[in-house]
Amino acid sequence: MGVTVLQQFPMGENKTGPQTIEFLTKRVVALGAVQCGQFLVDCETYMSVPALGTPRTVHVLHNSEQPASVFSLLETGTKTIPLVADGLFDLLMLKMTPIYTSKKQTKVESKGPRFELTDFVIKLGSVTMSQNFKGILVEVEYRPCVVPANCWELLREFLQGFLGTCVQNIPPQYLQNRMNDIYQPMDTIHQYLDHFTMYRKASGMIQYQ
Amino acid sequence: MQREEKQLELAMDNIILRVNDLKNSIGQMIFKIEHEYETLHWPTFLDNFALLSGQLTSLSKMLSHDKSPALRNLTVLPLLLSQERDETLIRLTENRVPAFAHDLVPDYLRTKPEPEVENKMIQLDHKAAGLSFDTAQKQMAAYSKVVGHVWEIVSKAREEWESEAGVRGSATQTSSVTDTQTLVAAVALGKGLKMMVPQGVQPNSQNPMMMSPMGRPGSGGPPPQGPMNPGQQPGIGKAPSGIKTNIKAASQIHPYGR
Amino acid sequence: MSTMDVKEWGQLSSQQPPTAMDSLSVALKGNIIPNQEYLLQGSVLDSAVEILLHRLRGLCDNVDSGPETFHDHEMCFSIRGSSPQPLLLRVRRALDTQDAPWQLRYIGQPELGAPDAKSRPTIVRSSIDIGTSSTVVDFLTELGCRLDFEYIVRGYMFCKGRMKITVSKIYKMGQGKPPESLEPVSQSYLVELSVLAPSGQDAIADDMRAFADQLRPLVILEKVDYKRLPLSAMP
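Chains as they are written, first to last, in my numbering: chain A, 1 to 209; chain B, 1 to 258; chain C, 1 to 235.
No lab work stands behind these hints: they were computed from the structure. It cannot be assumed that every hint is accurate.
To be verified - Beta-carbon label-pair distances, calculated as ranges:
1. C/69 - B/178: 24 to 30 Å
2. C/66 - A/201: 57 to 63 Å
3. C/30 - B/178: 41 to 47 Å
4. C/201 - B/158: 47 to 53 Å
5. C/30 - A/119: 37 to 43 Å
6. C/64 - B/159: 34 to 40 Å
7. B/27 - C/58: 34 to 40 Å
8. B/17 - C/64: 57 to 63 Å
9. B/39 - C/201: 27 to 33 Å
10. C/201 - A/80: 19 to 25 Å
11. C/64 - B/158: 30 to 36 Å
Predicted model, so just to flag it, every value in this text is computed and none were measured. For each residue, glycine too, the CB sits at the ideal point set by N, CA and C.
So here's chain A without its partners, still in its complex pose (with noise of 0.2 Å):
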């Protein structure tokens, strides 16, 4: 586990999503790095009963690089809390319908090939919401390093390198106020969550920025 830094891949004028994917495979490729496996990021979110009183919304995501855990974080309006727990949780939410119930139609997920590339790993995801494309994130980590204070310049340097100017020089919003802290899989989630927020509100827009 290192830092990861996850970005938003706009797309061009005429191309689909798997062309996309498709050109930056090639590129990746062209680097040197080698395919390993798919993986998924979803999401699914619940929102409480008008009985509970104060809405209050929980956003159930899994990683298929932490097979074994469920992330849920909790939004309040004031605050956002976190919980890592096992696969059984999703069991528990299941009890929950009384009082928690899943809004299908937001469930979102990003899938595609993860590819590693010496201390690299990087992930092409094409974000679906409820079975449509909505746009891609590419998700690289640097394993060797968990400060991302320490690796920000090497990761913005090396998604540049491919992804060109669509990498800010600044790391990304949620990383700036924990770039001291040691990273964890909880922050890749809450980075997942924050773009599939803004895909959610962009509501079935593909451009973005």
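Since chain A is already given, all that's left is putting chains B and C on it; use the hints.
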């Protein structure tokens, strides 16, 4: 004279009966050891022993009874020895003695120890007679001291063992149903664990939640660190609106803020 | 996506990782999730606990290592939505180890009402045991759960095959009191014999009965009917 003979016959019948019983029991036990040694349990085996010992006791009681004829005063004379096979004898002795012959009779009718044993006894008698009174006395004293000591150890151990068994056996209580109920109620329902019980709470009979086994006793005292909210009491399990305020109140307070 | 199936990427590349929900429903269908708890409960007086521990040491598997001790804090939460029946959740954390995961547990109603409940040798109730991060209390509180009660539990754990035996002392939460002077709930230790198994494995209940019989008359382990507990006598 005839009366005595009759009495003797009766006694002999009785003795034979007992001896046969004893013989059968021993036979059964041997059978068990030979054929059921894989499944034989200690308790059954000990039961067998108890049976044997009971039969032996009753036999010796009978022999020492006042009314039983003094068998030692009677003599058995071998009138006729024969090398011939005797079918009746074989049947009577269950194939053990085929003929009433010279090589067996001395063993079966013996009333004195074997000559070798007798010799050894005489030797020991001589040795004993040869001891001086003082030495004998000393040896006896030493011996009784040792025996007394062993006796003491054994009886002490027995006393301890019996008292311990007594303590356990006399049903010293090791568990209590009331305690089980208290503990289970505490762990499962929180009985006695809610530190603040609001005053003026109605007995639980009117609380519909009590119908559920997991319903909360003490009719929903607020969480220990929670605020005392008098308005929440009537709401429990009654109207959803009441529940709402209830949960809001609880959720605003972080119970681990201590 | 056809270019993605180029052979040199190997077998793996064509395999999509299953979604967690798919895996879960497969596991549910295969009935491999241990979501049923078989339970017998009893107690032993403080004065006799040593004898019980001694006997358990002889009967159970962990003979060499001796019994495992534990010292936990358990919090019981409930959450109510629109249904009148609250959902009960328990959180347990170890006080004797720092980095052990916290345990979140859902326990269903004991199936005493089931038609064959009486003939069953043990209590059977649904149970979901989940290891979690330490944020779970915050999480539950903000989720809308309220803390009903909490206690400290300290004791010994034994194993016998799939069976778990705990002998534990229950203490009231001390408000700032040192751990030694906590007030015990009773002068007895709670004894629980339990197995977590996928549903339908009722044979284990008979094994539990047989084991419970070996502890008689020291401890009487039985199905405690929660509906018949004396609740009116609040201390």
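Okay, the hints, checked on the actual structure:
1. C/69 - B/178: 24 to 30 Å: Distance hint for residue 69 of chain C, residue 178 of chain B holds at roughly 27 Å.
2. C/66 - A/201: 57 to 63 Å: 58 Å, holds
3. C/30 - B/178: 41 to 47 Å: 44 Å, holds
4. C/201 - B/158: 47 to 53 Å: 49 Å, holds
5. C/30 - A/119: 37 to 43 Å: Cβ of residue 30 of chain C to Cβ of residue 119 of chain A: about 39 Å, so the range 37 to 43 Å holds.
6. C/64 - B/159: 34 to 40 Å: Holds: the Cβ-Cβ distance is about 36 Å, inside 34 to 40 Å.
7. B/27 - C/58: 34 to 40 Å: Given range 34 to 40 Å: holds, Cβ gap about 39 Å.
8. B/17 - C/64: 57 to 63 Å: Holds, since residue 17 of chain B and residue 64 of chain C (Cβ atoms, about 58 Å apart) stay within the stated range.
9. B/39 - C/201: 27 to 33 Å: Because 31 Å falls inside the window, the suggested range holds.
10. C/201 - A/80: 19 to 25 Å: 40 Å, violated
11. C/64 - B/158: 30 to 36 Å: Given about 34 Å between the Cβ atoms, the range holds.
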